[in-house]
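Add 32 to a position in the sequence shown, counting from 1, and you land on the number used in our numbering.
Hints are computed from structural coordinates only; laboratory data are not their basis.
From a predicted model like this one, the values you see are computed outputs, not experimental measurements.
Among the hints, erroneous ones may be present.
[To be verified] Across the chosen pairs, the derived CB separations fall in these ranges:
1. G129 / A92: 35 to 45 Å
2. T140 / P45: 34 to 44 Å
3. G97 / W138: 19 to 29 Å
4. R33 / T140: 40 to 50 Å
5. A127 / G98: 40 to 50 Å
6. V139 / D37: 31 to 41 Å
Where is the CB? At the ideal position from N, CA and C, for every residue including glycine.
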Amino acid sequence: RVTLDPIELGIVPPAPDSLRGGTAVRNAELFRTLLSTPDEPSVAGIRNAVCLNAAAALVAYSAAGGTLPVTIPAASADLRARLAVALPQAQEALASGAALDLLERWVTTSQDLRP
33 RVTLDPIELG IVPPAPDSLR GGTAVRNAEL FRTLLSTPDE PSVAGIRNAV CLNAAAALVA
93 YSAAGGTLPV TIPAASADLR ARLAVALPQA QEALASGAAL DLLERWVTTS QDLRP
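Using the sequences and the hints given, assemble the complete structure.
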């Protein structure tokens, strides 16, 4: 077990209300805002939560033998150290627009496959 304080990774804890979901339409709107303008202050808490979760997914993928463009320390290394390497990758996916591009490809593909 590891207790992780996001501050250790440079993430300022958000106000709980900034992470509260809403209707499906509102959540989709927030997600689109996050992907299209990740520096928008209204989605800062969401951005940090999404990036931390994405970093954790990258760490898990690496530990399972997956290949990434960055070398994440071995699974025997401290979790904080592994997350510290993965977090910038997740943040870059938002900042570069790669995450938005992927969403748009998923939407297009799902619409193309619809009966």
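*At the C-beta level, are A127 and G98 separated by a distance inside 40 to 50 Å?*
At roughly 22 Å between Cβ atoms, G98 and A127 fall outside 40 to 50 Å, so the hint is violated.
*Do the Cβ positions of R33 and T140 conform to the proposed distance bound of 40 to 50 Å?*
Hint holds: Cβ distance 42 Å, inside 40 to 50 Å.
*Using the C-beta atoms of V139 and D37, is the stated range 31 to 41 Å upheld?*
Once the Cβ atoms are compared, 36 Å apart, the range 31 to 41 Å for D37 and V139 holds.
*Determine whether the Cβ-Cβ distance between T140 and P45 falls within the hinted range of 34 to 44 Å.*
For T140 and P45 the Cβ distance comes to about 36 Å; the hint holds.
*Does the Cβ distance between G97 and W138 fall inside 19 to 29 Å?*
Distance hint for G97, W138 holds at roughly 25 Å.
*asked:* A range of 35 to 45 Å was offered for this pair. Does it hold for the Cβ distance of G129 and A92?
replied: For G129 and A92 the Cβ distance comes to about 25 Å; the hint is violated.
Hint compliance for this structure: hints 1 and 5 are not met, and every other hint is.
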